[in-house]
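Asks: As a plain string of letters, each chain reads:
2 protein chains.
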Amino acid sequence: MSIIKQAQIAKEASLKLAVLPTKSKDKALAAIANALKNSASAILEANKKDVEMAKKSGLNEVLIKRLVIDRQKIREMVDEVKNVARLEDSVGKVLSQVELDNGLMLYQLTCPIGVIGAIFESRPDAVTQISALCLKSGNAVILKGGSEAKNSNKALVSIISKASESNGIPKGALQLIETREQVSQMLKLDDCISLIIPRGSSKFVKYVQEHTKIPVLGHSEGICHVYVDKDADIKKALDICFDAKCQYPAVCNAMETMLVHKGIAKKFLPLMIKKFRQAKVEMRGDENTRKIVRNIDKAAEKDWKTEYNDLVLSIKVVGDLNDAIEHINKYGSKHTDSIVTENKNNADTFMNLVDSASVMWNASTRFADGFRYGKGAEVGISTAKVHARGPVGLEGLVIYKYKLVGKGHIVKDYIGKNAKKFKHKVIKKLF
Amino acid sequence: MSIIKQAQIAKEASLKLAVLPTKSKDKALAAIANALKNSASAILEANKKDVEMAKKSGLNEVLIKRLVIDRQKIREMVDEVKNVARLEDSVGKVLSQVELDNGLMLYQLTCPIGVIGAIFESRPDAVTQISALCLKSGNAVILKGGSEAKNSNKALVSIISKASESNGIPKGALQLIETREQVSQMLKLDDCISLIIPRGSSKFVKYVQEHTKIPVLGHSEGICHVYVDKDADIKKALDICFDAKCQYPAVCNAMETMLVHKGIAKKFLPLMIKKFRQAKVEMRGDENTRKIVRNIDKAAEKDWKTEYNDLVLSIKVVGDLNDAIEHINKYGSKHTDSIVTENKNNADTFMNLVDSASVMWNASTRFADGFRYGKGAEVGISTAKVHARGPVGLEGLVIYKYKLVGKGHIVKDYIGKNAKKFKHKVIKKLF
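For the protein sequence lines, the chains are H and V, in the order given.
Going by this note's numbering, the first sequence opens with residue 1, and the numbers climb by one from there.
Going by this note's numbering, the second sequence opens with residue 1001, and the numbers climb by one from there.
The set of hints was computed from the structure by calculation and includes no laboratory data.
Errors might be hidden in some of the hints.
Cross-link-like lysine-lysine pairs, in silico, DSSO-like; alpha carbons within 27 Å at most [unchecked claim]:
| # | chain 1 | residue 1 | chain 2 | residue 2 |
| --- | --- | --- | --- | --- |
| 1 | V | Lys1344 | H | Lys23 |
| 2 | H | Lys262 | V | Lys1407 |
| 3 | V | Lys1344 | H | Lys93 |
| 4 | V | Lys1093 | H | Lys429 |
| 5 | V | Lys1235 | H | Lys407 |
| 6 | H | Lys407 | V | Lys1082 |
| 7 | H | Lys417 | V | Lys1305 |
| 8 | H | Lys417 | V | Lys1230 |
As the structure is a prediction and not an experimental result, all values here were calculated from the model.
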């Protein structure tokens, strides 16, 4: 089938899916969870092909690890789908309500966006997560996974589609595309697709933004900072910086640059760097860092802009809080940044002025995640500044529509000399 | 000054403007209102130049009318700015609050978007409205108005900038650009500008979307429908359709196509068409309409897709409610559509299934407007399906950031065998 035809079918399905009651969607999600459980061997078999192919083609270890599905992974997928079923429906919520005049009532209600194009990297479990979140939020979705996971994705989509369609979900609400060429074609279908969610490198997200008129919710890189303030508690600073860098360095919410106030650097840096050396963290420091601790490589300008995704860290000693904020707003990726301090004023200034999706005080950047934020699941972490920002769960997959209910009201009555006045009585406020 | 430099200055200003307290912003708005009042003669003089030039170049009557500023218009501008000062601040509102664990609190707070690029048509009063709304919502803005209003815009921006900057608004928070070339350059500055709001034709909005990576909030055309159901009250239907078409035909929320259920067409159409003929509405009907009323031109396929913005109307007799919904979702512009009926089920079905920003029941499409919806003012009416939809006021000019406040919390404690459990106690829900 052509991608144009696929998108048209998805569009038609989305209009029906948008008005399905919560119960029907949850029933379908339960059926999907069941089907995944019962189709374990088919999934494992398909995945085996992908892994063999990947090994042959010399894909690196880390990527192969992300590609592999085992029985434990399937159990996790099943649980994730069940979790999404348990989440509160984000569709049909009244955001605001205003009585414009007697008998003329305005409702602002959440509704699905329509058709979402989701493009993601090699992890095949993204298929189940994104499908479940889109279904629950009433959106049709066109998925494009990594080509290394081709067989796994195909098997998963087939199982999910079958289970959902035989449980009342409109046919074609979930579609899979497989080639890059199909992605370029999809980016042109602004008539049918209302939002593109690309997950991947900053370069990839920029490519997508350059090649489409469709709104893009960028889930891009994370150049996250921890700033250790002059008034920091040293123990907290050591723990938070270590956690932010070492607990799981391959992810977007790990720390890439540590900023340290000059007034605490001599006390803090030797202790911190010792800890990092024990954990085999490769460090690159600015001049002042290298004056305090020997044998640290020199950080180049490009280090401040690099997402290492690895046990590598750049370190800079800053003159004061404002220098730290300026550095973050200049080099960061507006993802997640944390201050360690016992000074409430400094914490407030930092959290207000740092222009990032998540700003933190005395907590590890690693907390920035849909599950930890209490969303149950996430489609990703948005570094965009419109629609949805930071970890995006079900509430980021809806928009709203206005419903105005009258009794034959016309505008002419509210215009001119004897114009009726609006009441504008607020019954529920947006915020 | 180069547009790149302008955008950088706007970006720097936006970071400071974002944290200004409501009082300071309102004080500046009051000063702007005052300055506009006191500079009436300078504004009128600049506008006179534009109008003379426009007449010389043969600009059409309607556009010249929109271009003209008189003392009454200045009073209206002053009032609008004062109104915006009175509106509740949309910045710093707590959207949600979750206690993730003891001592670890997550806040989701509204904040400004950053720098907004606003491109609009010839009406110079858009300058005051957009500037006031951006200032109040803490956003810097780069304005590009119609070239016909060049002198008027320049005068207004100079007055507004001076008044606001001498009242604590960061220098450069309001910028004007004047040429199309500067617009194309602006569209490339995704490092500094976070949102583009283009107002104008569908073609223009598409042009903008095609030439930028920056998110675009499309304020595009309105192909609005009124559907007269089989169960309509004829009197209400006559009033609503007449109001929707004739009260102010040049605007985007006027009706362009009237759909009539076949079961009521014979009774309703002759009465309605008589009224429209008296008001000199030019009508184009489908075959069934033309069978019921003589001397109606034949509607072509392209009529269903046309925003006339004039006393022209296309009319179609439909088989049932579903046909009406299908027609609207196929040909409409997702702006505003209304059903006239006494049947609640039909109204609900219509309002749920029509995929438009505003759906109405027994009310004129002309109500779809920021002021009438109780927003005080609007930057425009969005036909986009992400971020902000329908009439967009202050609340559409903000996004949110997450603030996480801990006491040294690290993620490692929540991972593995003896992992602590999250509490996820919801203190305030998003919706």
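Asks: Each of the hints needs a verdict: does it hold here or not?
Replies: Status of each hint after checking the structure:
{"no.": "1", "hint": "Lys1344/V - Lys23/H", "verdict": "holds, 23 Å"}
{"no.": "2", "hint": "Lys262/H - Lys1407/V", "verdict": "holds, 23 Å"}
{"no.": "3", "hint": "Lys1344/V - Lys93/H", "verdict": "holds, 20 Å"}
{"no.": "4", "hint": "Lys1093/V - Lys429/H", "verdict": "holds, 12 Å"}
{"no.": "5", "hint": "Lys1235/V - Lys407/H", "verdict": "holds, 11 Å"}
{"no.": "6", "hint": "Lys407/H - Lys1082/V", "verdict": "violated, 33 Å"}
{"no.": "7", "hint": "Lys417/H - Lys1305/V", "verdict": "violated, 36 Å"}
{"no.": "8", "hint": "Lys417/H - Lys1230/V", "verdict": "violated, 35 Å"}
Against the hints set out earlier in the document, violations occur for numbers 6, 7, 8.
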